[in-house]
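Make the complex out of the two chains shown on their own, each in a separate frame, by following the hints.
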Amino acid sequence: MFQKILIANRGEIAVRIMKTCREMGIKTVAVYSDVDTTALHVMNADESIHLGQAEPSESYLSIDKIIAAAKETGATAIHPGYGFLAENAMFAQACQENDITFIGPSAEVIRNLGDKITARKIMADSGLPVTPGTTIDSNNHDAWTQAAESIGYPVLIKAASGGGGKGMRVVDAPQYLKESCETAASEAQNAFGDNTIYMEKFLKNARHVEIQILCDSQGNAIHLMERECSVQRRHQKIIEETPSTALSDDLREKMGQAAITAAKASGYVNAGTVEFLLDDTGKFYFLEVNTRLQVEHPVTEMITNIDLVRHQIEIAAGKPLSLAQQDIITRGHAIECRIYAEDPENNFFPSPGKIEFLKEPTGPGIRNDCGVYTNFDVPVEYDPILSKLIVFAETRDMAIQRMIHALQNYAIVGVKTAIGFMLDVLSSEPFQKGQTYTNFIDVHFADRAPALSEKYVACAAFLADNLISGENTHVSKIQSERPSLWQQLGNFRL
Amino acid sequence: MDYRLKCLNTVFPINCHVDNPHEFTLTIDNKDMNIYAERISPHEMFLKINGKHYNVFTRGDEQEKEIIINGYIYHIEDMDLLEQQPIKRSATGQTPSDVTPPMPSIVTRILVKEDEHVEQSQSVIIVSAMKMETTLCAPYNGIVKKIHVAEGDKVAAKQTLMDIEKD
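Chains A and B, in that order, give the protein sequences.
When the letters of the first sequence are read in order and numbered with the numbering used here, they come out as residues 1 to 494.
When the letters of the second sequence are read in order and numbered with the numbering used here, they come out as residues 1 to 167.
Just chain B, same shape as in the assembly (with noise of 0.2 Å):
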């Protein structure tokens, strides 16, 4: 079987060779590797690969999974299956078009009112999560047509705290 592994903006083509799920024979950029593998718990697994040893540990599905490898984490996707989603679930490098927090928060303080006029790169609202606060800019001029949180509220990384109206 083929596969279009990508990680860290490098996709890999790979050629696998299947003899059961626990023996296989991978071809990388023309690398052979003999890989041998047993899983030891839900998210811990052992791999020897061309005789070497290695204890990894993963989360995820079989589309997008995260590997650790001696404390790093390698961030591994299947583009195959990917590009077959309706929606395009991978969304690095996107610039930020969207009021929302970077991770699950509290809005502390919100710094303009709906109908105001707001420039790009001002600060328009205060959200605090494990005591550090983040100042969240305007993604552009535009003017505040609704403001969907208060002052106190938790909410969710990604999720978009106000609809501002580009000029």
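For reference, chain A alone in the conformation it holds in the complex (with noise of 0.2 Å):
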């Protein structure tokens, strides 16, 4: 086993992963840049190495400083996390090629399904039904004009390597398509290092429904159920559940097994994702292959009692798989927020800034992988994720009440947050039906007001901040300074 595991990451995942490795005895290396010298996976790793200046290009990004990080502290295998170098092939090559593990698959299989156009040919070649649509592999503007007349309006761009929404837009009309292709090009170049992009047809009505996989060296592969990840903004996911309403039994066996049938005509090692988007009659299309682990991966780990990033270090390091697939035993219902900083009044743009006060909630089954905390100040240059809240219940509906208090007891103060908006989609009728489906935010909360109910009780801890304020010398400092201002309120308010 590992003695020591550099996490190639920041943020809420590289805490979360420190975590696992501390438990199993591995000492941990953490990797930072110029605006992360106190982050908390910083503060909570074993040793840390500074990178460089806080683009991701000079740090996060960067291979060869990371590779460098690992051979100075010593370290024999690097954890990727997600996002960052989590799916390029050219860094898992990189590793091999200095005798470094990489938790994950190998660079080739990295490469074949990072690469959407190859993995959907890998897939319809062993029998597993693709998204309709037409795939090019160019990035001449004639060519995308010609594609998107032959699949037909709307048509979904995507970058083909990566993952995250990044990159990708739904474009419903020839007049944006020139655009669209340019600016998805661009962010793809910027958060992957590579702009090819490519294009399929855009199903309304469906569901993102992902299989979590694990796969030994010694070809073993068992499947972990389903999570469903149909409430999404941007193209992203915020809100992610396991099990999902849409499958029964049958279907859940039938997808686990086409999972498995990806894995293994992928040759795949180690934790994966196999996404598939899922209509309303049940047919479900192969999407794409995440080589690497999710943004979610705790909803599985709460049903399955399993600690996912324990079992990606065990493969990693040579073992057979400890679990057959009689061995993966579900219980209950688990739910995961996404906490980003974002302003959902403002077509959730991100919302970097300070974060003067947080408060976690806590309570049964309630966990929070969180990556910040007082007086954080949230880098604007990478993704704005704070942490993941997930919570576990005996079902369903309970699940929805827990995550409802839960979110209500979290508070975060300084930047903004999409807890209230979250609040509102857990309360809502469609959302506790499972009526959830990839155009859930659009159907149902494009035209959002907050639902705040407690506007006097608002107004009343306005002035009780106020008032309590004044009892001590910040505000009788102020009143010196200024006194004018109180005269004049003085007349006013008597």
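Derived by calculation from the structure, the hints in this document are not laboratory data.
No experiment lies behind these values; they were computed from the predicted model shown.
Please note that the accuracy of each hint is not assured.
Straight-line alpha carbon distances no greater than 30 Å define the calculated DSS-like cross-link-like pairs of lysine-lysine that follow [claimed, not checked]: (1) A/LYS201 with B/LYS131; (2) A/LYS354 with B/LYS65; (3) B/LYS31 with B/LYS52; (4) A/LYS178 with B/LYS131; (5) B/LYS6 with A/LYS354; (6) B/LYS131 with A/LYS19; (7) B/LYS158 with A/LYS455; (8) A/LYS178 with B/LYS145; (9) B/LYS48 with A/LYS359; (10) A/LYS65 with B/LYS52; (11) B/LYS113 with A/LYS354; (12) A/LYS178 with B/LYS154; (13) A/LYS455 with B/LYS48; (14) B/LYS31 with A/LYS354; (15) B/LYS154 with A/LYS354; (16) B/LYS131 with A/LYS359; (17) A/LYS455 with B/LYS131; (18) A/LYS178 with B/LYS113; (19) A/LYS455 with B/LYS145; (20) A/LYS359 with B/LYS65; (21) A/LYS178 with B/LYS158.
Spelled out as structure tokens, the structure:
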């Protein structure tokens, strides 16, 4: 087993991976950029190496610097987390060439599956249904126009490498095609270092259902059931749950087997996720394989009682799977809410800034994988995820109520978050009935006004805050500095 | 004391009787509220309102605050204090008249040159924050007089990135 692992990531996922390493008695090395000197992942590690400037290309995306950091600290394995270099075949290759174990599949598997065009071919060849549409491996504008016309609008444009909604655009009409392609290519270039993009038919009434897989290097493969991730904004998931309300035991078994077929067809080793689109007739289509740990992996961990990161590390160390398919027994229901620094009233734009105060929810069945703390400055350079709030309960209804109370007791002061928005979603009838399709937010929450039902209480709190502040020296000082203002007020308020 | 507090486009006239900073009564919309309040930490308060318990979180100054109650953020402004300000601080509901990013970001691409004529809604500059790109558009037809930033610059929210002289 490894003595020391370098975590080539930041934020909540780096912190979460370190927790398992610590339980396994493995030392951890953090890497960080200029703006992350006192980030939580640095402080939680046993040691750390400074990479460089805040720009990802100078820090978390710099393969040379990260390999050098592993060598310098004597780390014999690297866990890439998700995002950054997690699905970068060149990075996996570089690890191998430097005798460092990459905790994930081989460079070849990442390359094949990371290229959505090759991945679709592998899956189609092994008999899996793929999403309707055409792929074009080209950045030629005429080819785009022709492809869009033959598929028929609306079309979906994606980065050929990477995920997380980066570079993804729905195009409804020809006049938006050129600009969308260019912006998508530029985002893909910045996020993944590869500007290749491709196009497929945009399916409107579909669910995003994915299967977690674990495969060892001896050829054993199991699946750990599904995750339903249909509630998305900007093509990025924000609420995930398991089990899916749309799956019967039969369909679950079919999709699980399809995922294992996909894993075997691609020679997959380590933890991965096979994503499917599921239409309302129960037909499912292969979407892509994420060759990494997913953001939403905790919901699977909750219902299976399995630590996925521990299995990733054991598989990477060459151990055979300690679990067979019949050992995977699930119970209860788990939901995850992704807490980003973002403004739901402004199209979910990122809202970076300083977290002036943070109070995490606690209680039975509540887990918060958090990467920030009070007084931490959320940098503008990276993905704005702050934490992932996960609940686990006996039934879906109970899990929803548990999540509502956890969100109500989660205070993040200083940056905007979608906590209020997610409360509205969880309290809504369509969500409670499980009518979660990928267009859920556009259909049900496009013109949302937050359910602000406690305006009187808010006014009372405003005045109480002022009155109590008036007691201590802080406000008396303001008074003495600006007497004229308070004289004016005196007349006004008496 | 009388207050006028604005919450989500509604102004509430409030009559407030203060016994001491921790105990006071309010009348809002003919509703009486007996309030007991304690501060737990600089951003955290415990309130009893007519006997009912609330844990609230606050941020701001005496004129303008964000109040978080049960996960929802309430933006509250004291209209009497705000109206005395020489420059109105509340800028909600304005139509954009500037090329300015909605959040702190980095300039990715500048799509126009100085002295170039632009049309309303034409894309003029692309900024990125936290990996998300946003296209900023010309607010009206005009000539680009001055571009204040270069590609790669870090810019603040509401910073004017270029001057466009209206036709």
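Status of the hints after comparison with the structure:
Our distance criterion of 30 Å between C-alpha atoms is met by A/LYS201 and B/LYS131, whose separation comes to about 25 Å. Between A/LYS354 and B/LYS65 the alpha-carbon distance is near 16 Å, which keeps this suggested pair within the 30 Å criterion. Proximity of B/LYS31 to B/LYS52 is assessed by CA-CA distance (about 15 Å); at most 30 Å being required, the pair is judged to hold. The suggested pairing of A/LYS178 with B/LYS131 holds, with an alpha-carbon distance near 21 Å, which does not exceed 30 Å.
Taking the CA atoms of B/LYS6 and A/LYS354, the gap is about 25 Å. The hint holds against a cut of 30 Å. Distance check on the hinted pair: B/LYS131 and A/LYS19 sit about 27 Å apart at the alpha-carbon level, within 30 Å; holds. The suggested pairing of B/LYS158 with A/LYS455 holds, with an alpha-carbon distance near 28 Å, which does not exceed 30 Å. For the hint pairing A/LYS178 with B/LYS145, the CA-to-CA distance comes to about 27 Å; that is within 30 Å, so the pair holds.
Our distance criterion of 30 Å between C-alpha atoms is met by B/LYS48 and A/LYS359, whose separation comes to about 20 Å. Restraint check for A/LYS65 and B/LYS52: not satisfied, since their Cα atoms lie roughly 56 Å apart, outside the 30 Å limit. At most 30 Å may separate the alpha-carbon atoms for a hinted pair to count; B/LYS113 and A/LYS354 exceed this at roughly 35 Å. Taking the CA atoms of A/LYS178 and B/LYS154, the gap is near 27 Å; set against the 30 Å cutoff, the hint holds.
For the suggested pair A/LYS455 and B/LYS48, the alpha carbons sit about 15 Å apart, so the restraint of at most 30 Å is met. Among the hinted pairs, B/LYS31 with A/LYS354 is inconsistent with the structure: their alpha-carbon atoms are about 37 Å apart, more than 30 Å. Our distance criterion of 30 Å between C-alpha atoms is met by B/LYS154 and A/LYS354, whose separation comes to about 17 Å. For the given pair, B/LYS131 sits about 27 Å from A/LYS359 by alpha-carbon distance, which is consistent with the 30 Å threshold.
As the CA atoms of A/LYS455 and B/LYS131 are separated by approximately 35 Å, the hinted pair breaks the 30 Å bound. Annotation: proposed proximity of A/LYS178 to B/LYS113 holds, straight-line Cα distance about 21 Å (limit 30 Å). For the hint pairing A/LYS455 with B/LYS145, the CA-to-CA distance comes to about 46 Å; that exceeds 30 Å, so the pair is violated. A threshold of 30 Å between alpha carbons decides the hint, and for A/LYS359 with B/LYS65 the separation of about 18 Å falls inside it, so the pair holds.
Only pairs whose Cα atoms come within 30 Å are accepted, and A/LYS178 paired with B/LYS158 is accepted, the gap being roughly 28 Å.
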